[in-house]
Amino acid sequence: MLYIKCPYCGLRAQKEFSYGGDATVKRPNINEEVSSEEWDNFVYMRKSPRGKHVELWQHIAGCRQWIKVQRDTATHEIFQTAKVTEEIR
Amino acid sequence: MSQPFRLNKEGLINRNKKISFTFNGKKLFGYEGDTIASALIANGIHLVGRSFKYHRPRGFFGAGVEEPNAKLQVEFNGHSEPNVNATEMELVEGLSATSQNCWPSVNFDVGAINNFLKMFFPAGFYYKTFMWPKSFWYKIYEPFIRKAAGLGVASIEKDKERYEHKFEYCDLLVTGSGPSGLASAYAAAKNGAKVILAEDKPRFGGTLLTDDVSIDNLSGKDWAEKIITELKSMPNVTVKNRSQVFGYYDHNMLVMFERVSDHLETKSKFTPRQRLWYIRAKETILSTGSIERPIVFGNNDTPGIFLSAAAKEYMKVYGVLVGKKPLIFTNNDSAYETALEFKKNNVEPIILDTREEHSSELIDEAKSKGIDIRFSHGVIVANGYKKVKSAKIGKLNKDKNSFEKIETVDCDCICVSGFWTPSVHLASQSGNKLKYEEKIDAFIPDKKKQHETSVGAANGSFTLEESLKHGFENGSNLSAKITETKTEISIPNVNEKKYGAHDKFWCMPLPKNENPKRFVDFQNDVSVSDIEIALREGYRSIEHVKRYTTLGMATDQGRTSNLNGLQLVSNIENKIVPEVGHTTFRPPFTPITIGTIVGREVGMEYMPTRKTPMHEWHEKNNAVFVDAGAWKRPRYYKQGNETLFEASKREAKNVRENVGICDVTTLGKIDIKGPDAAEFLNRVYTNAWMKLPVGKARYGLMLREDGIVMDDGTTTRISENHYHMTTTTAQAANVLSHLEYYLQIVWPELNVNVVSTTEQWAGAAIAGPKSRDMLSKLYPDLDVSNDALPFMGYKEAEFFGVPSRIFRISFSGELAYEINVKSDHGLFMWEKMMEVGKEFGNQPYGTEALSTLRIEMGHVAGPELDGRTIPSDVSLNGLVSKKKDFIGKNSLGREAFNVERRQKIVGLIPIDRKSSIPEGSHIVQDQNAKLPNPKLGHVSSSCWSVENNNPFSLAIMKDGKNMIGKKFFAVSPLKNKSIEVEVISSHYVDPEGKRVRS
Chain A
646 MLYIKCPYCG LRAQKEFSYG GDATVKRPNI NEEVSSEEWD NFVYMRKSPR
696 GKHVELWQHI AGCRQWIKVQ RDTATHEIFQ TAKVTEEIR
Chain B
581 MSQPFRLNKE GLINRNKKIS FTFNGKKLFG YEGDTIASAL IANGIHLVGR
631 SFKYHRPRGF FGAGVEEPNA KLQVEFNGHS EPNVNATEME LVEGLSATSQ
681 NCWPSVNFDV GAINNFLKMF FPAGFYYKTF MWPKSFWYKI YEPFIRKAAG
731 LGVASIEKDK ERYEHKFEYC DLLVTGSGPS GLASAYAAAK NGAKVILAED
781 KPRFGGTLLT DDVSIDNLSG KDWAEKIITE LKSMPNVTVK NRSQVFGYYD
831 HNMLVMFERV SDHLETKSKF TPRQRLWYIR AKETILSTGS IERPIVFGNN
881 DTPGIFLSAA AKEYMKVYGV LVGKKPLIFT NNDSAYETAL EFKKNNVEPI
931 ILDTREEHSS ELIDEAKSKG IDIRFSHGVI VANGYKKVKS AKIGKLNKDK
981 NSFEKIETVD CDCICVSGFW TPSVHLASQS GNKLKYEEKI DAFIPDKKKQ
1031 HETSVGAANG SFTLEESLKH GFENGSNLSA KITETKTEIS IPNVNEKKYG
1081 AHDKFWCMPL PKNENPKRFV DFQNDVSVSD IEIALREGYR SIEHVKRYTT
1131 LGMATDQGRT SNLNGLQLVS NIENKIVPEV GHTTFRPPFT PITIGTIVGR
1181 EVGMEYMPTR KTPMHEWHEK NNAVFVDAGA WKRPRYYKQG NETLFEASKR
1231 EAKNVRENVG ICDVTTLGKI DIKGPDAAEF LNRVYTNAWM KLPVGKARYG
1281 LMLREDGIVM DDGTTTRISE NHYHMTTTTA QAANVLSHLE YYLQIVWPEL
1331 NVNVVSTTEQ WAGAAIAGPK SRDMLSKLYP DLDVSNDALP FMGYKEAEFF
1381 GVPSRIFRIS FSGELAYEIN VKSDHGLFMW EKMMEVGKEF GNQPYGTEAL
1431 STLRIEMGHV AGPELDGRTI PSDVSLNGLV SKKKDFIGKN SLGREAFNVE
1481 RRQKIVGLIP IDRKSSIPEG SHIVQDQNAK LPNPKLGHVS SSCWSVENNN
1531 PFSLAIMKDG KNMIGKKFFA VSPLKNKSIE VEVISSHYVD PEGKRVRS
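As given, the protein sequences belong to chains A and B, one line each in that order. Following the numbering used here, the numbering of the first sequence begins with 646 at its first residue and continues without gaps. Following the numbering used here, the numbering of the second sequence begins with 581 at its first residue and continues without gaps.
Calculated lysine-lysine pairs in the DSS-like style (CA-CA distance at most 25 Å, straight line):
#: 1; chain 1: B; residue 1: Lys904; chain 2: B; residue 2: Lys606
#: 2; chain 1: B; residue 1: Lys1469; chain 2: A; residue 2: Lys671
#: 3; chain 1: A; residue 1: Lys728; chain 2: B; residue 2: Lys1253
#: 4; chain 1: A; residue 1: Lys671; chain 2: B; residue 2: Lys1463
#: 5; chain 1: B; residue 1: Lys1027; chain 2: B; residue 2: Lys1155
#: 6; chain 1: A; residue 1: Lys697; chain 2: B; residue 2: Lys1029
#: 7; chain 1: B; residue 1: Lys862; chain 2: A; residue 2: Lys660
#: 8; chain 1: B; residue 1: Lys1092; chain 2: B; residue 2: Lys985
#: 9; chain 1: B; residue 1: Lys820; chain 2: B; residue 2: Lys801
#: 10; chain 1: B; residue 1: Lys1029; chain 2: B; residue 2: Lys862
#: 11; chain 1: B; residue 1: Lys862; chain 2: A; residue 2: Lys650
#: 12; chain 1: B; residue 1: Lys746; chain 2: A; residue 2: Lys650
#: 13; chain 1: A; residue 1: Lys697; chain 2: B; residue 2: Lys1027
#: 14; chain 1: B; residue 1: Lys1029; chain 2: A; residue 2: Lys650
#: 15; chain 1: B; residue 1: Lys1462; chain 2: A; residue 2: Lys671
#: 16; chain 1: A; residue 1: Lys697; chain 2: B; residue 2: Lys862
#: 17; chain 1: B; residue 1: Lys1464; chain 2: A; residue 2: Lys671
#: 18; chain 1: B; residue 1: Lys947; chain 2: B; residue 2: Lys1078
#: 19; chain 1: B; residue 1: Lys1015; chain 2: B; residue 2: Lys1028
#: 20; chain 1: B; residue 1: Lys904; chain 2: B; residue 2: Lys967
#: 21; chain 1: A; residue 1: Lys650; chain 2: B; residue 2: Lys1028
#: 22; chain 1: A; residue 1: Lys660; chain 2: B; residue 2: Lys1029
#: 23; chain 1: A; residue 1: Lys660; chain 2: B; residue 2: Lys746
#: 24; chain 1: B; residue 1: Lys1547; chain 2: B; residue 2: Lys1510
#: 25; chain 1: A; residue 1: Lys650; chain 2: B; residue 2: Lys1061
#: 26; chain 1: B; residue 1: Lys1028; chain 2: A; residue 2: Lys697
#: 27; chain 1: A; residue 1: Lys660; chain 2: B; residue 2: Lys1191
Derived Cβ-Cβ restraints for the label pairs, each shown as a range:
#: 28; chain 1: A; residue 1: Thr669; chain 2: B; residue 2: Thr1164; range: 29 to 39 Å
#: 29; chain 1: A; residue 1: Gly655; chain 2: B; residue 2: Ser1356; range: 49 to 59 Å
#: 30; chain 1: A; residue 1: Lys650; chain 2: B; residue 2: Thr1164; range: 23 to 33 Å
#: 31; chain 1: B; residue 1: Gly1381; chain 2: A; residue 2: Ile723; range: 53 to 63 Å
#: 32; chain 1: A; residue 1: Gly655; chain 2: B; residue 2: Ala1313; range: 15 to 25 Å
Keep in mind that the hints were calculated from the coordinates and are not lab data. Glycine included, C-beta positions come from ideal geometry on N, C-alpha and C.
Using the sequences plus the hints, can you model the full thing?
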């Protein structure tokens, strides 16, 4: 079971979080024209890397904040966590 | 009754307390502190089970977790448990144990015929034999094999015992209380670290209890006791016996299995039987010790053959002799300690040492005590069927593959030692890639992936001095990093015997023309010849050899067989062991009960139960409940002998004709506030929200980004910057997370806050033509006319003195209102409504009637919004704005969503107007067409239309709207039904929606 450091609450068990997918995906701006390729990339296309991956988690049983977690998908090692407004190096 | 193999005084058992138990129906006794194994051996009983494949007689082999044979069916405390390890289970008054895998009895087992047919049961026998003819598998082969194989019998009774889970955090977890574990725990505790010390056995001390050593002039046992006593007195230390750390998971999460009360005769009501500990440790010391390895020889599975350290443990801990005429068969010095212990108890052993004549401290001591030592000797084959009677022994020639001399000697037990294997299971589970240590011919931990450190024998250090030193150093250094305190501890003086080098000899050769079984894995009956066959047939990878032969795949996880198997493969393949590699170690290290894994999460505690404030009233009024997620909702209110069908029809009819009330508290409610709330809703919903006036509600539809409908519900503008959103019961949590996602990540610039208020409000719907009359009685001072409170109107007013919110919204399609009051007033509101509603014929209605009402109106719900439908599929494209952008809008242009003949919602009625159409039925053109019959759609919701008094269903059907008027079949192979149906509009009742506006 992973041990995730919520930037607001501190180290908490995985049980308190819910997974939210790739954090690097950026939604096209609202009210702006987008090509269907761009839109399809946003909705469907995801990389599935073996190794470092920046992903979203929500602390649903805690502060309810969405956070960024940089995790190794092969070893589950967590290198860094951050608020969604912060950058992961 | 005397115990012929019990010593007069040795051992740590309590001779003042006798415990009676039965074995295979025979009444026996042992002492407090005995295991089932030690008590049976004391009584001279060795034959306890039959082997898995050949049904060969089996006895005890070890004295703890390493035991491969002695698995018993055990009954105590009123429950029956299979596969209990007799060497671990402590004796408790009234316990009854029986042998497994034998019929009719362990003494006479019909299955033993397999043993005499063993040439027909080689490795891969099942794979090769039962493949043909294919049709025989299910009816003949599989049931037969299932009956013949397997060990104990699982109980079909409900487990009445209590199990618990515990979550714990510590600085240092120490797994094992042998010398290195005690030293680590002690050093860390002195540094002020929060320490948990776990010991699998009932007694602390590990090998200190059985080895002839002294530490600071104390015996090993006394030193262990001194340390444990001090540790127990320290507030920062938790010391646990009968606790096996069996799994090492991610981020230093370890899981421990504690046998809390299996050894207790009586216990209080709330004492759990077993407890599962989830321990998050900053650092872990793995002091799991080592397990003795056997040497492989002929008929080495005969009862009476033991690991030599187990024989010593039976003498020193339990005061029990495993035999009175022992042969000690060894390739190293440690078995000499067992021989000396026998000698001390006036039993004359013979030592067969595979090594050539040489000397060491222990050999010299054995010689000086007059023990018969035969160098370059080994056991070729054990004689005796149900118990060892004699052994054919041989003097090995120089290259150790043939014999100079063979003779037979009488014996009643053989104690075998093939050196030691570190228990690296936990280290390996943690991700540590093991390395092969030539010096000890075994794997030890290498580079760590997590915060674990192996010390002592688990790390391949087999001397007490080294183990203690490693323990103290690592315990001190690891804890000092955490506590930033370092207390100096002087490492105690140790007195131990020095061991000479072991012999790299693992498997006894056979003389010509002799072919007894030589077992490598006892529990799965895997012999040397099985491994030879696997290799001959081309299996090379050790993982494949393991699966083909089942070597090491039994519940003992190959603790005594893995390395011997590897040595054999490497010898035959002419490879060195590290090239062969090892198989994967997986949790649990020892079998644990299902009850412990489940813990308290059974029955009502399986998941939380959510009850509305009106629940008590529903219960009192014969509500039959249905689960809606965690909620309990009344499905119908039973009157007399009514069935579900009759009651729901009555309730729905009453709504159509008079008025009914329904508990709608479970709907998700989200409070939305902020100056950008309107803009936010406008982006979240498909329809327009910028112009919704204060005091008005609107029905809204939200999509996922892929264009699929996510949820629907009404949202009401309470004040300028304040909205009240409702969601379906099922989607409440998802919708909240969805909103939070967009506010926190995508559009943080929007100044909006959302919070769930589902639990804060109690809700009741009042529906039916007489609902306005009833409402006016509930709010005598309020103008509730159609002009003052029109469809989609909203008002706040006092409900008999308590604040309330009135929404004129309708799910039933009737003239309807929903009243919300604070949860605390929910029951009051409900009871008032029942009282006031009497004169209008008001009746409560449940979810079944609610479904009927919405289905015949063609209102969609979960079964239609099933994660596959877009707005136009369910005829809600009128709610999709063309003018503005919203979540998922760009996806609606996808080609597949706009093809001709795209699926649409329709209504179905049976041609005979009588047959109910099962939900989930497929719609087909021809019910007799050849399979696969082309599917045109499926039935999503079904009801008995109370308005038209015949069945009616909603369906999602290809090109649905153009199918209206045509006839098809609704086929349900599951219910074995095929019903001819006609396609009609999905709006079966009041298609113009006049009633809600009336």
